[in-house]
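Read top to bottom, the protein sequences are chains A and B. Start counting the first sequence at 1; every next residue gets the next number (my numbering). Start counting the second sequence at 1001; every next residue gets the next number (my numbering).
Misleading hints may appear alongside valid ones.
Computed list of lysine-lysine pairs in DSSO-like fashion (alpha-carbon distance at most 30 Å, straight line) [what the hints assert, rightly or not]:
| # | chain 1 | residue 1 | chain 2 | residue 2 |
| --- | --- | --- | --- | --- |
| 1 | A | Lys228 | A | Lys283 |
| 2 | B | Lys1044 | A | Lys169 |
| 3 | B | Lys1044 | A | Lys18 |
Don't read these hints as lab results, they were simulated from the structure. This structure is a prediction, so every number in the text was calculated from the model and none was measured.
The lines below spell out each chain.
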Amino acid sequence: MNFREISIGEKITDSLSKRESKGYLVRVDANRKLTIDLRGPAGQDFDLYIKHNEEASTLKWDYKRVTTKADEIITIEPTSAGSYYILVYAYRGSGQFSLSTEVPLQDVEIVPSQQIKGTLTASKEALYYLIKTKEGQKITLDLNGPLNADFDLYVRYGERPTNINYDFKSYSGSSKEKIIIDKAKRGSYFIMVYSYRGSGEFTLSALPLEEAETVELIITSKEKLRTKYGQAELGQIEAKIADYINALGTAGIIAKLAYVDDAASLSPYGLSPVDSDSPEKIKELIDGLEEKLNPRHILILGGPSIMPFFSLTNPAGFDGDRIVHSDSPYASRDSDYLIPERSLGRLPDAKESELPFFLTLLSAAASRVRRADKVSFGMTANVWTDASQAVYVPIKNAGEILELSPPVRHGDLPVARLNRKGYFYFNLHGGEDTANWYGQEGSSYPVAFTPDNIQDAEVRNAVVCCEACYGANIVDKGVDEALSLKFLAKDAACFVGSTKIAYGPIEPPSTEADLLVLKFFERIKEGLTFGDAFMKAKQDFARECLAARSRLDMTEKKTLIEFVLFADPSSKMEEA
Amino acid sequence: MALTDKELKKMIKGYMEENSPELADEEPVISVESYEIPEGVARKLGVSLPKSAKTVKVLTYKKMVTAEDGAKLPIVTRVTVDEDGNIIKTTGN
């Protein structure tokens, strides 16, 4: 089929006969928001299919909208650089339609150590970015554009710069520009890349911010640890924490340990102990410690018997979960806990008889190097095959396939199939009172994955994401009673999962748990720390939901609060 | 005139029989949900949102099924409809 190239912002009018399709393509930069709007004849049924860098068809697509109407709209955010192929298909009826695309001007956030690519297509064009900074940080921005053009760089605090209104400017006769801000203010700096003359591709990077200090706040309960494990065992735990703090110091991170119920550890900050059973009081304490320490990352040590989850009202009532166990309020600076603002993770313990598990977890965190092969393992319930394929994309390598259950059952997986995988993805069923995860086809729910599957497997440093209901439920669980704990016991670096009933689609586009896990994988692949990737993934998720439908519905809100991160938030995946 | 709950259930029954047959015979709970976005969400994400809140109805179908090993698993399908009974979203676990 011939796909006709159209321009962003161009509105075309065409017509289709019944069951006919026509193709178009648009070229877009990375990290933009692309909206494709189809308006068809009333009373008919036209569908929209989109594929990146490949011709779209009704069978091959990355995005589709196939309601029973002729009006369809798809928003893609963030885009990947390249061409989006658009197929308009007259499923029922015929008639005229219009098709338009839009990429609104918006600021793309650039994070430290990230390099962004962009394209200015003509002279006097501009693209905008922003970088969030802390008080006193040093920012270095580097722009590299085409040799035969003249691109300039402008920066302004708090709002978009223009050629006239800016705080910093770099404008030589070339496209190579640099701006250094020695002592940034806390907030956002807006960046403009401007083509004074010419066009072409450029890269913009924010070199690693030189901070006054990078701090990780480690927070736990001394009394709860002592009561659960005993005085001598508390000494062993504290020794492991000390090793972890030293390891962070070697990596240039200053770790501050704060016991929520110990006056000696809080008095240097002018703060007092709080009730260790009260997540609200603990959150207030974290807020107070953040004002004093300005931590880059926050690590909660211990499971819910040491440091409680919040018990939040289930937004999606009537599904059987009265409350949702969540760390979301700890990751938020205010009471609007849906959107996290902190890089926060939890390293959980298990039952009191399983102290060796907790000690091993702390030792693994101290090792700091979480290197693993970039190969992956994925498994899905058969009924969700299409939906899971879309989520698997960022971590899937050539030749790797998703295991479907059924027909695959837990006994069909040899250890070799799981060994030395850097990424694990599961889209299976789960239950509150079972450690196993299950497939589905029709009314058949076979056992797909169990803790025994990884008993002898080498899963060290793996990143594990699971969409199963109760996949991260660790309340009153031992290591062999929760796959999340089992993976951590086998030295997996990171586990992302849901504490309660989780939701998702049968087919793409990705929504709810599918969308959140997809965004997390994308952020991990960018090289972010586990804590930053999890925080950004939730922000990306919310933005995408709002862009698509101008709302966050109840299952989307539940997704935001029920997914938790079991990992050291300052650590990250290093692909071997 | 707004659809009654009885009319809604009847309208959605066909969809459930085709797409979630294991839940089609379950009696759904019908709830009204209003999509108001907290100010903090808009502020934190740097987006501007419409001030009017959209109200929809949600039919929640739920049952427990037994897995191969005897474990009890929750199966839920939520169907969101507008005031005319048009399905605007379905999701399940």
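| query | Are Lys1044 (chain B) and Lys18 (chain A) close enough, with their CA atoms no more than 30 Å apart? | reply | Roughly 46 Å between the alpha carbons, so the hint for Lys1044 (chain B) and Lys18 (chain A) is violated.
| message | Holds or violated: Lys1044 (chain B) and Lys169 (chain A), Cα atoms, limit 30 Å. | response | At roughly 28 Å apart (the allowed maximum being 30 Å), Lys169 (chain A) and Lys1044 (chain B) satisfy the hint.
| message | Holds or violated: Lys228 (chain A) and Lys283 (chain A), Cα atoms, limit 30 Å. | response | Cα-Cα ~22 Å, so holds.
The structure is inconsistent with hint 3 alone, although it conforms to all the rest.
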